[in-house]
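Enquirer: Each chain, letter by letter, is given below.
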Amino acid sequence: MKLELRGITKRFPGVVANDAVDLVIEEGEIHGLLGENGAGKSTLMNILYGLYTADEGEVLIDGEPVTFAGPGDAIDAGIGMVHQHFMLVPVFTVAENITLGVEHTKGLGLLDRRSAEAEVHRLSEEFGLPVDPHAVVEDLPVGVQQRVEILKALHREARLLILDEPTAVLTPQETEDLFRAMRSLKESGRSIVFISHKLKEHKAIVDRISVLRRGRIVGTADPATTSEQELANLMVGRPVGLTVDKADRETGEAVLAVRGITVLDARGKPAVDGVDLDVHRGEIVAIAGVEGNGQTELVRAITGLDPVAGGTIELLGRDVTAFGRKELLRAGVGHIPEDRNREGIVGDFTVAENLVLPMWDAAPFAERGRRRFGAIAEVAEREVDDFDIRTPSIHTTAGSLSGGNAQKVVVAREFARPLDLLVAAQPTRGVDVGSIEYIHRRIVDKRNEGAAVVIVSSELDEVLALADRVAVMFHGRLVGPFPMPVSREAVGLLMAGATPDEAMGATR
Amino acid sequence: MTTATPPDLDRRNRRFGIFALVLAAIAGAVFATGTAGVATTFQLNDVFGEPAYATLPAVVVPVAPTALFLALVIAGVGLYQAVRGFGDRATIVISVLLGLFVLAFLVWAARGQQLQVLALLRGTMRAAVPLALGALSGVLCERAGVINIAIEGQFLAAAFTAALVSSATGSPWLGLVGGILAGGLVGALLAVLSIRYRADQIVVGVVLIVLATGVTSFLTSQLLVPNPGLNAPDRFGAVTVPVLGDIPLIGPLLFRHSVTVYLMLLAVVVVQIALFRTRWGLRLRAVGEHPKAADTVGIRVLATRYRAVILGGMVAGIGGAYFTLDAAGQFSREMSGGRGFIALAAMLVGRYSPAGALGAALIFGFADALSTSLQILNVGIPSTLLLTAPYVVTILVVAGLVGRLRMPAADGQPYVKE
Amino acid sequence: MTTPEGPDERQVPPPSPDAASADEPEVRGAEERDREHAAPVHAAAGPMERFVAAVTGTSVVVTILAFVSAMVVGALFIALSEEAVRESMGYFLARPGDALSAAWSVSAEAYGALFRGAVGGAYQLSETGTAAIPLILTGLAVAIPLRAGMFNIGGEGQVIAGGVVAGFVGFAVTGLPFLVHLPLAILAGILGGAAYGFLPGILKARTGAHEVITTIMLNNIAIYVTDYLLSTDRFRLEGRSDPISKTVEASAVLPRIFAGLRLHWGLLLVVVVAVAIWWLLERSTFGFELTAVGKNPDAARAAGMSTGRMIVLGLTLAGALAGLAGGAQILGLQQRITGGFSGGLGFDGITVALLGRGSVGGTVAAGVLFGALKAGGRSMQGATGTSLDLVVVLQALIILFVAAPALVRAIFRIRAQGPATGELAKGWGA
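Chains as they are written, first to last, in the numbering used here: chain Y, 1 to 508; chain R, 509 to 926; chain W, 927 to 1356.
Hints are computed from structural coordinates only; laboratory data are not their basis. It is possible that some hints are incorrect.
[Stated by the list, open to error] Pairs of lysine to aspartate or glutamate, EDC-like flavour, derived with a Cα cap of 20 Å:
{"#": "1", "chain 1": "Y", "residue 1": "Lys2", "chain 2": "Y", "residue 2": "Glu64"}
{"#": "2", "chain 1": "R", "residue 1": "Lys800", "chain 2": "Y", "residue 2": "Glu103"}
{"#": "3", "chain 1": "Y", "residue 1": "Lys203", "chain 2": "Y", "residue 2": "Asp445"}
{"#": "4", "chain 1": "R", "residue 1": "Lys800", "chain 2": "Y", "residue 2": "Glu138"}
{"#": "5", "chain 1": "Y", "residue 1": "Lys446", "chain 2": "Y", "residue 2": "Glu157"}
{"#": "6", "chain 1": "Y", "residue 1": "Lys200", "chain 2": "Y", "residue 2": "Glu64"}
{"#": "7", "chain 1": "W", "residue 1": "Lys1221", "chain 2": "Y", "residue 2": "Asp420"}
{"#": "8", "chain 1": "Y", "residue 1": "Lys446", "chain 2": "Y", "residue 2": "Asp306"}
{"#": "9", "chain 1": "Y", "residue 1": "Lys106", "chain 2": "Y", "residue 2": "Glu138"}
{"#": "10", "chain 1": "Y", "residue 1": "Lys446", "chain 2": "Y", "residue 2": "Glu367"}
{"#": "11", "chain 1": "Y", "residue 1": "Lys326", "chain 2": "Y", "residue 2": "Asp388"}
{"#": "12", "chain 1": "R", "residue 1": "Lys800", "chain 2": "Y", "residue 2": "Asp388"}
{"#": "13", "chain 1": "Y", "residue 1": "Lys326", "chain 2": "W", "residue 2": "Asp1224"}
{"#": "14", "chain 1": "Y", "residue 1": "Lys326", "chain 2": "Y", "residue 2": "Asp445"}
{"#": "15", "chain 1": "Y", "residue 1": "Lys106", "chain 2": "Y", "residue 2": "Glu125"}
{"#": "16", "chain 1": "Y", "residue 1": "Lys446", "chain 2": "Y", "residue 2": "Asp248"}
{"#": "17", "chain 1": "Y", "residue 1": "Lys2", "chain 2": "Y", "residue 2": "Glu125"}
{"#": "18", "chain 1": "R", "residue 1": "Lys800", "chain 2": "Y", "residue 2": "Asp348"}
{"#": "19", "chain 1": "W", "residue 1": "Lys1221", "chain 2": "Y", "residue 2": "Glu29"}
{"#": "20", "chain 1": "Y", "residue 1": "Lys186", "chain 2": "Y", "residue 2": "Glu125"}
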């Protein structure tokens, strides 16, 4: 299928998400779509899939203009989408999910399970995407769920597949499997739109790359002849270079001492499995790893959000294993949570209230159960200035701020108070480039002030730029930390499960 | 649908086991003592109906030995449960043990007297009619993702309308149709407010109950009281199924009822099949579990929800019609007496499945019928306390003390397309 | 094998993972740029503009219009149920004026009687106040958990628990002076209700059992247990077989304020409680924590707040207030426990709190309004024969219109200020 987008424009209140986008996807082509967070990639794909309607412009399939009133129309036209957040019903079987909407029946609307399962089996063989038709989706690993999503699209005879950030949740091995499947789909004449912000992946798999910036296509490139630096510049819109000014610093006493802690996940299996970690004053320990290897659980345990099943945590020599969240925060631990919107701010509260949230009942913001509005406002005004939070007033609700400014509220309140330990999970996720540099500088400042800092990030560049020592989390176990410099290749190998000897030996 | 984890399972095993041992201790200590030489008679015949079919001999059991035997069985199984565990079947085992305990209780409660077993079981069936139908209404709505707390309101609206229509036309069948439509109307209100206007579904449900209570009470005093002719509906009589109705015990238990009982059983079977074996049911459940996924494959989420909620209201309407066209024979204010809430409980205890809802409705119906039996036996057990049983059981279920409850993932969440 | 992700050693910024999901279009980033250039108009508006926006868009006008809509629908009910109107409907097509004027006069008469019965004189005002006392308390018993994101349908059971315990202390304890006995009985009522609110609270905090289900179940349990208690010799009035308790000692009776009028000193308690609750919710750290837990439990927990504690305390406090309402009914009005003495007060509390939109002031106002409806309704029933049940219909209709602001806006074509979605309904949990 050849797909053409001509002059697609989509406006949201106050924002042009897509601005006269032209895009051609040839038959049998893997077309990469590259862009920063907020560049308009998802909006564009949702228009293509009939979830949104474009304000202007047209979509052509094999030269014929088409209009989609809903996903049903797009499906009928041969477009299939694998959403970043899977559109699978967790309690249904693989076969039920794949055939949902185009069910196999045997009269009276009775489902024909056998025929559906046979069909799924056939598809699975044909495209080399092994799945068990009887399995219940929620019991499957994400990689397999993704296969189910792809099969679902293929079952609807999709001739063009949109893959939205398909590798974000995959291990390196699963990514390889996905790429293999993509190549075989391409050979069968299908077109694929591959959306990712990871430059290396584009270079590895796509035939052509279109770069989207601020709702516009700013260039289409051949990955074979374009360097990653050029792509990055195109994506961001200015020459970029990441230099975090980070002078060497003497490290001091151990602030955090983690000994053999184990954290169980919801199913009672160890998500964190006997982890030891020491972090000293004046150093940044960065923890890398593919998502889902226990980093989230480790951070939640260290910061008192979840209980540990075994092991001890010491803060400045004091056993804080049994401390609750509040006690830990008051004992000098700062935490920038992974999901800021969910855990960081209360959207209906004002900026001022959010800025004092973890200290809501402590002096000077409260006195014997009475809130002191004067002190709250005073500190809030100061932090809004200091951290350049763009808000009409400190009494504006935090939920009405833009994503970046809401993040700054979270960062500001953690950084503004004296900390012995700062734990930041994915500190720059969903943040524009300007703010990334700013947040990185603040983190380094905190370290220079003598705090111990733990960074968890799935972005290798961030890890390498900030770390004084780097550790890798794999299957619930922590490897390292190793003092920098550690090569990118070595960290990559560790993330894929290599032993330290293999990783360091291979690259040193 | 249990997702108990290994450490959880251990604790659950032990908790269940200890529970069983406590039951055994009560059965042994209370039911088996001080009743030496006394016997209980279980009467299996229909003493009120015509004995046109073969009669069964009454079963006479000695109280103390029977209770002791049952206590030992419960203790033995409970011990095994505590030490080894029955795994996935633990819930069933516990249910059976509870049944044995109730049996021991009955043997003791009716000591020296006759217990009308058939009347008790027939009463259970009849009491289960509105409960099962109301629970089905809940199942249909909530499987599609809309919380239906308004079952009580659907009952009242349907009971009132059925009485009015049947009185005016002289046909219980037309009355039934009226009841179904009234239930459907309340369902439609719930649907419009929660789907179209996205009002809080629990609030809407509560308000619809208040509204239905108010309107039916208001119209009762304004309309029915001054015109008694409008509140004298023709009722459904008992219909004996040929041949099957003549089977001893089973016949009077299942096949000598009014049509509402048959309709209830039919509705349970139909909805069970429709929900889990048809395309319609698959799509309905998809909408309740993951509306966005359903939307992306071209299923019309809102339309599916509308249909499910209105259909649910109509099913509850049959249950409401039962009150005036079968049970009571006239409408009186607030006559459903909280059974809409018990139906809600039956839905939860039955874990959102029609068959489970029927099972729960039968258990709750049994408690209801039993309190009547106990009053007749005059054993000094306060029947009012027994009436709390369904509510206590429900609290235990939602508190996860009997196992985890898993609701449809998108239950209660309005669906917004963009 | 090469490293699976990230560019090579050249200095490239770590591109942020595209976290924008399909439900959140990539507007955030774009919005931010927008903001950097110019602050959005609505956020920069002055207090006056904001006031106008608030009034035209939301609560006050919608509430009033909801009230008007409910009155109109209620009038239809009155009219349709009146014999004279129905007869004139018979020849509606021939002379529509007759039917309409008959309908108008009937409903105007009923509403007139309702209004006079509510505020027409000292007696009427006293009746309104008497009815408002428990309504404000049970309204607050719904409003407080609402702050913490919980829906307390258990007001009825908590009223019963409070009333039964207060009544029991009132008649079973004898020989105490007034100044000891009355406070003791009131305190007992508060504690009884609090205990009955604690139960669903601890169940939710510990096991996640949804409070809507547990409180409904506890309501019914309270009703049956009361029936049982009233059948025991300890409670039942000697020589009576119906469910009625012994009479509360004179030393435990809440005295009347004016001779000859039923209004009792429970009114003062309500005023004190309302002010205290207002302070607690709006000015104290407890209220802040409670609200935070209700608005975003994850963020509240991450800020070191205790969601479990707030759930338990919120429902316990609610139970205490409902228990006080029950105690005030028994000690101030009935002086003995009867079967069904709660008479739907707990459910009325839901409508009061919803009409008051969960705020303390609004709840008090709504309580007075519904108290007036109740008192007026009784007088209307006596004067025009229109059933008191009309008041229940009106109450339900008002809430129905208030609960679905979008509906009222649609009827009156007011432009919406934002999405109105149900925020309470999160399923039953477990």
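Enquirer: It remains to establish, for every hint, whether it holds in the given structure.
Expert: Right, here's what the structure says about each hint:
1. Y:Lys2 / Y:Glu64: holds, 10 Å
2. R:Lys800 / Y:Glu103: holds, 18 Å
3. Y:Lys203 / Y:Asp445: violated, 36 Å
4. R:Lys800 / Y:Glu138: holds, 17 Å
5. Y:Lys446 / Y:Glu157: violated, 54 Å
6. Y:Lys200 / Y:Glu64: violated, 35 Å
7. W:Lys1221 / Y:Asp420: The given pair, whose Cα atoms are some 30 Å apart, is violated under the 20 Å limit.
8. Y:Lys446 / Y:Asp306: violated, 25 Å
9. Y:Lys106 / Y:Glu138: violated, 27 Å
10. Y:Lys446 / Y:Glu367: violated, 29 Å
11. Y:Lys326 / Y:Asp388: violated, 27 Å
12. R:Lys800 / Y:Asp388: Violated. Lys800 (chain R) to Asp388 (chain Y) sits at ~38 Å, over the 20 Å cutoff.
13. Y:Lys326 / W:Asp1224: holds, 14 Å
14. Y:Lys326 / Y:Asp445: Violated - the C-alpha atoms of Asp445 (chain Y) and Lys326 (chain Y) are around 25 Å apart, more than 20 Å.
15. Y:Lys106 / Y:Glu125: violated, 24 Å
16. Y:Lys446 / Y:Asp248: holds, 14 Å
17. Y:Lys2 / Y:Glu125: violated, 26 Å
18. R:Lys800 / Y:Asp348: Violated, at about 26 Å.
19. W:Lys1221 / Y:Glu29: Between Lys1221 (chain W) and Glu29 (chain Y) the Cα gap is close to 47 Å, so the pair fails against 20 Å, i.e. violated.
20. Y:Lys186 / Y:Glu125: Judged against 20 Å, a Cα distance of about 16 Å means the pair holds.
Checked against the numbered hints listed earlier, the structure breaks hints 3, 5, 6, 7, 8, 9, 10, 11, 12, 14, 15, 17, 18, 19; every other hint is satisfied.
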